[in-house]
Amino acid sequence: MSRQQESLLCIAPLLTTVEETVDTISTQVRGHIPEWLNGSLLRVGPGKFEFGKDKYNHWFDGMALLHQFRMEKGTVTYRSKFLQSDAYKANSAGDRIVVSEFGTLALPDPCKNIFERFMSRFEPPVMTDNTNVNFVQYKGDYYLSTETNFMNKVDIETLERTEKVDWSKFIAVNGATAHPHYDSNGTAYNMGNTYGPRGSCYNIIRVPPGKTDPGETIHGAQVLCSIASAETMKPSYYHSFGMTENFIIFIEQPLKMKLWKMVSSKIRGKAFADGISWEPQYNTRFHVVDKHTGQTLPGVYYSKPFVTFHQINAFEDHGCIVIDLCCQDDGRSLEVYQLQNLRKAGEGLNQVYSSMAKSFPRRFVLPLDVSVDAPVGRNLSPLSYSSASAVKQGDGEIWCSPENLHHEDLVEEGGIEFPQINYGRFNGKKYNFFYGCGFRHLVGDSLIKVDVVNKTLTVWREDGFYPSEPIFVPAPGADEEDAGVVLSVVITPNLSESNFLLVLDARNMAELGRAEVSVQMPYGFHGTFVPV
1 MSRQQESLLC IAPLLTTVEE TVDTISTQVR GHIPEWLNGS LLRVGPGKFE
51 FGKDKYNHWF DGMALLHQFR MEKGTVTYRS KFLQSDAYKA NSAGDRIVVS
101 EFGTLALPDP CKNIFERFMS RFEPPVMTDN TNVNFVQYKG DYYLSTETNF
151 MNKVDIETLE RTEKVDWSKF IAVNGATAHP HYDSNGTAYN MGNTYGPRGS
201 CYNIIRVPPG KTDPGETIHG AQVLCSIASA ETMKPSYYHS FGMTENFIIF
251 IEQPLKMKLW KMVSSKIRGK AFADGISWEP QYNTRFHVVD KHTGQTLPGV
301 YYSKPFVTFH QINAFEDHGC IVIDLCCQDD GRSLEVYQLQ NLRKAGEGLN
351 QVYSSMAKSF PRRFVLPLDV SVDAPVGRNL SPLSYSSASA VKQGDGEIWC
401 SPENLHHEDL VEEGGIEFPQ INYGRFNGKK YNFFYGCGFR HLVGDSLIKV
451 DVVNKTLTVW REDGFYPSEP IFVPAPGADE EDAGVVLSVV ITPNLSESNF
501 LLVLDARNMA ELGRAEVSVQ MPYGFHGTFV PV
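In UniProt numbering, the protein residues as written are 1 to 532.
Incorrect hints may appear among the rest.
[What the hints assert, rightly or not] Per label pair, the in silico range of CB-to-CB distance: (1) T187 - K270: 36 to 46 Å; (2) G39 - E123: 43 to 53 Å; (3) S92 - L495: 24 to 34 Å; (4) D290 - P476: 49 to 59 Å; (5) P108 - E216: 33 to 43 Å; (6) T75 - E20: 19 to 29 Å.
[Claimed, not checked] With a straight-line Cα cutoff of 30 Å, these simulated BS3-like cross-link-like pairs (lysine-lysine) come out: (7) K112 - K153; (8) K211 - K164; (9) K153 - K81; (10) K234 - K358; (11) K89 - K261; (12) K211 - K81.
Hints were generated in silico from the structure; no laboratory data involved.
If you're wondering where the values come from, they're calculated on a predicted model, not measured in any experiment.
We put the CB at the ideal spot given by N, CA and C, even for glycine.
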């Protein structure tokens with residue numbers, strides 16, 4: 001029987017409400033955790049999927065659960081806590097879903113009379129502060145972020161929320177991504193949208209690295225550049241962007257947000273997710289912005305329609321930008337992440353998995369200085385090491401065809417997502433390796449190191465266990481790109497087995513040790529390592 005015909009293991013327990021572990025507990029270490037590895041792995045993801053009789057519809061809707069694995073001299077402790085967001089508090093107090101999320105519309109208060117319930121449909125929706133996507137850093141402080149205008153500042157020792165921060169109080173944006181980029185000096189760059197009477201804009205944001213006052217949050221944030229949306233009422237959805245030493249690369253993809261649908265969602269009785277649509281009649285466009293001047297470069301770069309959620313890395317070489325992305329050819333995956341789909345078993349689960357677009361690493365080359373005299377039809381990429389092409393069209397636009405950074409073996413692993421690199425040393429620079437999760441299931445079921453030069457894979461897998469996004473931590477004083485460890489939280493739906501923090505040697509993906517925890521954990525999104 002081939003792999004494809006086997007029934008996938010039901011993973012419903014990984015998408016189920018759990019209890020928080022407020023008091024720190026010790027873990028059982030097997031193998032060894034390197035003595036030099038001192039600090040905390042912080043992770044976040046959805047951990048509560050209902051209030052009272054009300055249930056969330058979509059994986060992205062669950063209430064944020066914060067996890068902390070603290071490593072010290074070879075020992076590991078664990079704790080977790082629900083983010084005390086305003087949404088969490090309001091839902092808990094009402095014992096129902098009071099605040100709408102991405103895929104779930106909050107229903108009117110059943111205690112109101114029928115007229116009040118009808119009128120409440122015309123009140124603007126309250127924007128959620130359930131920041132369950134990533135831990136991000138601004139000016140040395142840690143925040144939890146999603147893609148709304150709200151972030152929650154967190155004390156990384158206690159996991160307590162200390163402040164709710166609204167981007168729109170500082171700059172004219174309606175939200176920002178959960179994947180900012182950082183310069184070596186701590187300057188942060190992000191992107192966020194503006195929806196106004198003149199249409200929608202994509203804004204590049206810069207947050208300075210230092211504080212002038214200890215109580216500051218994102219004070220001093222500036223919009224560096226605004227890029228008009230190709231379609232006024234249908235801006236593209238995006239989850240991340242690329243950054244090199246001198247440029248920001250924004251990918252305008254044909255996954256569209258229909259603003260009229262989003263604005264009217266409450267009146268129509270629909271969730272925000274209903275307003276997102278995949279429109280592959282449009283191509284994907286790359287915008288390049290000089291991050292020092294805020295100027296948009298004149299080059300107009302297009303490629304065939306694809307969707308990317310996570311960029312891997314980008315760098316400059318011989319007058320070109322090289323950008324590596326995890327790409328899908330079908331943009332309908334957000335719909336698949338309904339909880340009723342993810343919790344299926346048997347043939348139903350297999351059907352959901354086979355309908356899911358797989359994600360593969362691709363390299364695009366964008367030549368920056370294209371002269372007016374450059375001949376039409378010629379590949380303008382001078383890079384001998386990449387088969388990616390950039391061909392000038394008759395209208396002066398440049399058509400970009402990618403290079404696949406993989407062979408057939410990655411197809412057998414189900415593709416790759418949640419890419420991570422040795423960020424501190426190699427972000428924005430020419431690099432050799434990235435780490436990610438293989439997807440032979442609806443969640444990651446392996447950890448993969450990809451050599452982007454030789455297109456070879458090194459895989460860690462344990463049947464019945466599901467690893468999270470791998471985080472690379474460099475070994476102290478090391479020069480090699482892959483000298484260090486890879487950390488991942490590995491969970492199982494089998495309640496008789498323990499979940500564990502896994503520590504791999506990044507050079508060969510061999511297990512060094514694991515720290516087992518007898519606590520149920522749901523599958524999460526992103527995280528970060530904070531050294532002590």
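Query raised in the report: Falls inside 19 to 29 Å, the C-beta gap from T75 to E20?
Result: holds, 22 Å
Query raised in the report: Given the hint that K89 pairs with K261, does the C-alpha gap stay at or below 30 Å?
Result: It holds: about 28 Å lies between the C-alpha atoms, which stays within 30 Å.
Query - Whether the CB-CB distance between T187 and K270 falls inside 36 to 46 Å - result: About 39 Å separates the Cβ atoms of T187 and K270, which means 36 to 46 Å holds.
Query raised in the report: Would the pair K153 and K81 pass a check requiring their Cα atoms to be no farther apart than 30 Å?
Result: Holds: K153 and K81 sit about 14 Å apart, inside 30 Å.
Requested in this report: Evaluate the given range 43 to 53 Å for the C-beta pair formed by G39 and E123.
Outcome: holds, 45 Å
Query raised in the report: Range hint 33 to 43 Å: satisfied by the CB atoms of P108 and E216?
Result: holds, 39 Å
Requested in this report: Would you mind confirming whether the straight-line C-alpha gap from K234 to K358 stays at or under 30 Å?
Outcome: At roughly 25 Å apart (the allowed maximum being 30 Å), K358 and K234 satisfy the hint.
**Report entry** Distance restraint between K112 and K153, which requires alpha-carbon spacing of 30 Å or less
**Finding:** violated, 34 Å
Query raised in the report: Between D290 and P476, does the C-beta distance stay in 49 to 59 Å?
Result: violated, 35 Å
Requested in this report: Take a quick look at whether K211 and K81 sit within 30 Å of each other, Cα to Cα.
Outcome: Distance ~28 Å between K211 and K81 Cα, so the pair holds.
Query raised in the report: When you check the alpha-carbon spacing of K211 and K164, does it fall within 30 Å?
Result: holds, 18 Å
Report task. Given the range 24 to 34 Å, decide if the beta-carbon distance of S92 to L495 lies inside it. Result -> holds, 26 Å
Against the hints set out earlier in the document, violations occur for numbers 4, 7.
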